[in-house]
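Asker: The chain contents come next:
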Amino acid sequence: MALMTYRAALNEALREEMQRDPDDFLMGEEVAEYDGAYKVSKGLLDEFGDKRVVDSPISELGFTGLCVGASMAGLRPVVEFMTFNFAFLAIDQVINNAAKMYYMSDGQFPMPIVFRGPTGAALQLAAQHSQACETYYSHAPGCKVVTPATPADAKGLLKASIRDNDPVAFMEGELLYNVKGEVPEDDDYVIPLGVADLKNEGSDVSIITHGKMVHVALQAAAKLDKNNISADVLDLRTIRPLDMDAILETVKKTNRVVYLEEGWPYAGTGAQIVSMIQEEAFDYLDAPILRVTQADIPMPYAKSLELLAKPSADRVVEACNKVLYR
Amino acid sequence: MATKVHMEALSPTMEEGQLVQWLKAEGDAIANGDILAEIETDKATMELVARGEGVLRKIFLPAGGTAEVGSVIGVIAGADEDISDIAGVSGGAAPAASPEEAAPVPAAQTLPAPAASAPPAAVTAPAAAATLPVSASNGGRVKASPLARRLADEMGVDIDRVPGSGPGGRVVKRDVEEAKASGVAAPVAAPATWASDGAEYEDIPTSQMRKAIAKRLVTSIGPVPTFYLTVDVDMGRVIEARKSINAMLEKDGLRVSINDILLKAMAAALRQHPNCNAQWHDGFVRRFNAVHLGVAVAIEDGLITPVIRNAHAKGIAQISAEVRELAGRAREKRLLPDEYTGSTFTVSNLGMLGIHEFTAIINPPESGILAVGGIVETPVVVDGEVTVRPRMRMTMSCDHRVIDGAQGARFLQTLQVMLEEPTAILL
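Going down the list, the sequences are from chains A and B.
If you number the first sequence the way our numbering does, the last residue is 326 and the count never jumps.
If you number the second sequence the way our numbering does, the last residue is 753 and the count never jumps.
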C-alpha cells in the first residue's frame with residue numbers, strides 16, 4: 001500500500017495502462033505541455049511522447065469525435081474533459097456515436113473509449129460550472145458510468161475502464177483530487193465495473209450514494225454514530241452497470257434507505273434506484289425511501305446560498321432520522 | 327313518492343349484507359338521512375341511511391336475514407300512498423331502472439356518503455366483535471410499512487390490532503416486534519366463556535367477514551385453506567412432571583408418557599381457545615364445548631385416529647389408559663366406528679420415529695391438527711448462556727376459514743406455557 005492523492009492514483013493508472021497497451025492514448029485540452037488542468041497527466045508527455053499524449057484545440061465536439069473515430073479504427077482513446085460541464089458540447093459524440101456504435105454496427109465496432117474529467121460542484125463556480133453530470137450519461141443505454149470516491153477506487157476503476165471495450169464516462173471530482181488514501185501498489189490492481197463497496201458497516205439505516213458524496217455520507221455516519229445509530233454507507237462506485245445485489249443486501253439488512261447524490265432530484269440517479277428498490281424489495285421497507293440531493297435550482301454563485309443548495313452531512317443525518325422515525 | 331330501501335354496497339367488496347337490526351319499525355316516520363338499519367358487510371357493521379322521506383311502510387328483510395347488494399329490503403312512502411306495485415317485488419333484485427324512483431344513487435356513489443359524514447361511531451362493532459379488526463373504524467385500511475406487514479404475517483401477529491407508532495399511526499417494524507413480545511409476555515388469555523353448559527356444541531352463524539375470508543382463501547389454496555404455525559417448546563418441566571407422576575403411579579403399575587401429558591395440556595388449551603376447537607360448515611362455524619381429541623395411530627397399511635372423548639374432563643392417568651387401550655385395538659383393527667369418529671381436534675406424534683418437525687394434513691371437518699416432533703437435546707440461549715435443553719417442535723395446521731393466524735398463535739402460546747410450566751394446566 002502507498003499513501004497517495006486521488007490525482008496521483010489517476011496518474012498512476014494512466015501511466016501503467018499506457019505502458020501495458022500501446023494502443024492507449026490520451027487527448028484533451030492542455031493534457032500534454034501543461035500536464036492537465038488538474039495535473040492528472042503530469043509527466044506523461046515526457047514518457048510517451050506527443051503521439052500518445054495529445055493537446056487538443058478548445059473544441060470539445062471536434063476532439064471527442066476524433067477519438068470516437070480512433071476507437072472505431074481500433075485504438076483505445078482516453079478523452080480528458082477539463083470538466084464534464086464543458087462536455088455538453090461533445091455529448092452528441094458520446095451519446096449518438098460512442099454509446100450506440102456497437103449496437104448499430106451489429107457488434108462490428110467495439111468502442112473502447114474513456115471520457116474522463118471532474119464532475120459536480122467545487123466552490124463558487126456558479127450555475128454553469130457546478131453541475132453533477134452523471135445522469136446525462138447513465139440515461140442512455142450503451143455508456144458505462146463510473147464515479148470513484150477514493151484514491152484506491154480511482155486507480156482500480158480507471159484501469160478497468162481503460163481495459164473495458166465499451167464507452168465509459170469516468171467522472172472525477174475537483175474537490176477529490178487532493179484527497180489522500182492508501183492505494184495498492186500492484187500493477188494489476190483492477191476493480192471490476194459494477195461492484196459496489198460498503199464503505200461503512202452499520203445496521204440501522206442504509207445511506208446509498210456514489211462519487212464525492214461518499215465522503216459526505218461518511219461524515220453523516222460518524223455523526224449518527226454519536227447518537228448510537230449505525231449506518232451502512234454503500235458506495236455504488238459504478239452507476240451503470242449497477243450492483244443491485246449489494247443494494248438489496250443493505251436494504252434487507254436495515255429496512256431503511258436514504259439515497260444521497262450530488263445532482264438534482266428530478267429524474268436523478270436516486271430516482272432510478274429508489275424505483276428499483278421498491279420493485280424488488282418492497283416487503284423489506286419499513287419506511288419510505290428519502291433522497292438527499294442538490295436543491296432543484298441552478299447552483300447559486302453566492303457562497304452562503306451555494307452551501308444551502310448542496311447536500312450536507314446534516315441533511316443526511318436529518319433524513320436518516322426521518323426514515324428511522326426518530 | 328315511494329323510495330325503495332336497497333341493500334347498498336357498504337364496503338368496496340361487499341356482495342351481500344346481513345341485516346343486524348332495524349333501527350326503525352314499520353310505521354315509523356322517516357326523514358332523509360335517518361339511520362334505518364345496521365348492516366353487517368364483509369368487513370364491518372355499517373349504518374344504512376334513508377334516501378327518501380315518509381313512513382317506513384314495509385320491511386322485506388327481517389333482522390338476521392341476508393340479501394344481495396341491490397335487493398329491495400324495504401319501502402319508504404307516504405302514509406297513504408299505494409305501494410302495492412313495490413310490495414310485489416319484495417326481496418327481489420332491484421329493477422334496472424324504475425320510473426317512480428327518484429334518481430337511484432349508484433352503489434359506488436352511495437358508499438362514501440355514510441363513511442364521510444358520519445362520526446366514527448357510525449361503524450359500530452357487532453355483538454361478536456372480539457374478532458373484528460379495530461381498524462374497521464379506519465374504513466378497513468391499516469397503515470403499515472411493507473416490512474411490518476410481512477413480519478406480522480410471519481410472526482402470526484394480527485396487524486389490525488397493532489398500534490402504530492410511525493407517522494400518521496403507521497405500523498412499523500418495531501410495533502410488530504413489540505406486539506409480538508408483549509403477546510408472549512402476556513398471561514394466558516382468560517378462558518373463553520361457554521355458551522351454555524352441557525351443550526355439546528354451539529353453531530355460530532358465519533359473519534360476512536368470515537364468509538369473505540372463507541370464499542377467497544379456498545379459491546387460492548383448495549377446499550381447506552391451510553396455514554402452518556410452528557412453536558419450539560422447552561420440555562424440561564414436562565419430563566420432570568412425568569417422572570413424579572410415574573413415581574406416584576408406580577404402586578398401581580401404571581406409567582404415563584410425555585404424549586399423554588401433551589394430550590392433557592392440549593385439551594386444557596383448547597378449552598381456552600374454543601375458536602380452534604371448531605369445524606367449518608356452510609353458513610356457520612361449529613364450536614365445540616367438549617374437547618374430543620383424535621390421536622393418530624399408525625397401523626399396518628394405514629392410519630386411524632381413535633378419539634379420547636371429553637379429554638378436557640379427564641386426568642392424565644385416564645387419558646393414558648384410554649390411549650393405550652384404543653391404540654392397541656386400533657392396531658388389531660377392532661375399533662368401533664364411534665371410537666374413531668367425532669374428534670374435534672387431532673394430534674399426530676412422530677417423535678418416537680425420530681422426526682424432529684413435520685406438518686400434518688387436516689382431517690375435515692376439523693379445523694386443526696397438531697404435528698408433534700420428538701424431544702431433542704438442543705443448545706439454546708437461556709439468560710445469555712448457551713445451555714443444552716430438551717426441546718420439542720410442534721406445528722399446527724390451521725383451516726384459515728375457521729382459525730386466523732393470531733388465534734392459532736395464541737392457542738399455541740397457551741399450549742407452550744402449559745408444557746413449559748405444567749401447573750398451568752390446572753389453571
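FYI, nobody ran anything at the bench for these hints, they're computed from the structure.
There could be a bad hint or two in this list.
[Claimed, not checked] Result set (DSS-like, lysine-lysine): computed pairs, CA atoms no more than 25 Å apart in a straight line: (1) B:Lys541 - A:Lys253; (2) A:Lys223 - A:Lys252; (3) B:Lys469 - A:Lys252; (4) A:Lys51 - A:Lys39; (5) B:Lys469 - A:Lys322; (6) A:Lys252 - B:Lys506; (7) A:Lys253 - B:Lys469.
Asker: None of the hints should be skipped; say for each whether it holds.
Answerer: Hints versus structure:
A C-alpha spacing of about 37 Å is found between Lys541 (chain B) and Lys253 (chain A), which places the hinted pair above 25 Å, so the restraint is violated. Restraint check for Lys223 (chain A) and Lys252 (chain A): satisfied, since their Cα atoms lie roughly 23 Å apart, inside the 25 Å limit. As the CA atoms of Lys469 (chain B) and Lys252 (chain A) are separated by approximately 21 Å, the hinted pair is consistent with the 25 Å bound. Of the pairs offered as hints, the one joining Lys51 (chain A) and Lys39 (chain A) holds, with about 19 Å between alpha carbons and a cut-off of 25 Å not exceeded.
Under the criterion of a C-alpha separation no larger than 25 Å, the hint pairing Lys469 (chain B) with Lys322 (chain A) is consistent with the structure, at around 17 Å. Proposed proximity of Lys252 (chain A) and Lys506 (chain B) is supported: the alpha carbons are some 21 Å apart, at most 25 Å. At most 25 Å may separate the alpha-carbon atoms for a hinted pair to count; Lys253 (chain A) and Lys469 (chain B) meet this at roughly 22 Å.
In summary, the one numbered hint that this structure violates is 1.
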